[in-house]
Amino acid sequence: MEKSEASAIDIAESGRERKGKAALLGAAKNARAARHKRGVAIFDLILRISAAAAALAATITMGTAEETLPFFTQFFQFQASYDDLPTSTFFVIAMSIVTGYLVLSVPFSIVCIARPGARGPRLLLILCDTLTVTLATSAAASSAAIVYLAHNGNSSANWLAICQQFTDFCQRISGAVVASFITVALLIFLVLLSALALRKH
1 MEKSEASAID IAESGRERKG KAALLGAAKN ARAARHKRGV AIFDLILRIS
51 AAAAALAATI TMGTAEETLP FFTQFFQFQA SYDDLPTSTF FVIAMSIVTG
101 YLVLSVPFSI VCIARPGARG PRLLLILCDT LTVTLATSAA ASSAAIVYLA
151 HNGNSSANWL AICQQFTDFC QRISGAVVAS FITVALLIFL VLLSALALRK
201 H
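Numbering follows full-length UniProt numbering, with no gaps: position 77 of the sequence shown is 77.
Watch out, some of these pointers could steer you wrong.
[Unchecked claim] Using C-beta positions, here's what the derived DEER-type ranges look like:
(1) 119 <-> 151: 45 to 51 Å
(2) 39 <-> 159: 46 to 52 Å
(3) 168 <-> 106: 31 to 37 Å
(4) 84 <-> 117: 50 to 56 Å
For the record, the hints were derived by calculation from the structure and aren't laboratory data. Where is the CB? At the ideal position from N, CA and C, for every residue including glycine.
All chains should be built: construct the whole structure from the sequences, respecting the hints.
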């Protein structure tokens with residue numbers, strides 16, 4: 001009788017030990033998952049700030065692109081400015097919106113760092129990031145086409161290349177387009193990162 005009671009106590013104690021070990025393993029696994037999500041959120045914040053800086057650089061560079069060539073007298077001059085081209089005007093407006101959004105999204109990214117398990121902010125970010133990628137891509141692609149024509153022209157349409165004359169202007173708009181494509185690449189990576197973070201939930 002005493003042996004059966006002792007064995008029952010041993011079995012109960014071993015069961016409690018197994019449950020305790022399982023609880024400890026579960027807690028360790030949850031802690032690792034939380035650290036992983038927090039690391040993803042920190043990387044998201046760094047990429048978001050970098051994308052905002054690239055978008056701001058593209059906006060300022062395009063918005064200040066202007067060059068004047070004197071011809072005989074100061075009263076008769078050739079001038080090139082970004083607002084002469086509707087595509088460049090759209091570029092400045094679109095990249096300004098992208099910059100503003102990225103700056104406003106930083107607090108939500110910080111919330112994801114403080115609360116790595118929060119699903120709502122991450123869903124909002126991935127939705128808005130996807131829309132922003134579309135806007136930034138359309139601005140970058142349309143301006144890239146204009147920059148190509150400025151550098152090479154189009155003999156079929158009798159469009160002359162202007163970059164041989166307006167070298168500074170072309171360098172600035174080309175730099176703006178490069179910065180905008182960097183922004184697009186970072187935004188795509190942000191969308192993929194958010195999708196990965198949601199998948200880990």
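Verification of the supplied hints:
1. A hinted range of 45 to 51 Å holds for the C-beta pair residue 119 and residue 151, which are about 47 Å apart.
2. Between residue 39 and residue 159 the Cβ separation comes to about 50 Å, which falls inside the hinted range of 46 to 52 Å.
3. For residue 168 and residue 106, the hinted distance range of 31 to 37 Å is satisfied, since their beta carbons lie about 34 Å from each other.
4. At about 51 Å, the beta-carbon gap between residue 84 and residue 117 stays in the expected band of 50 to 56 Å.
In this structure, every one of the numbered hints holds.
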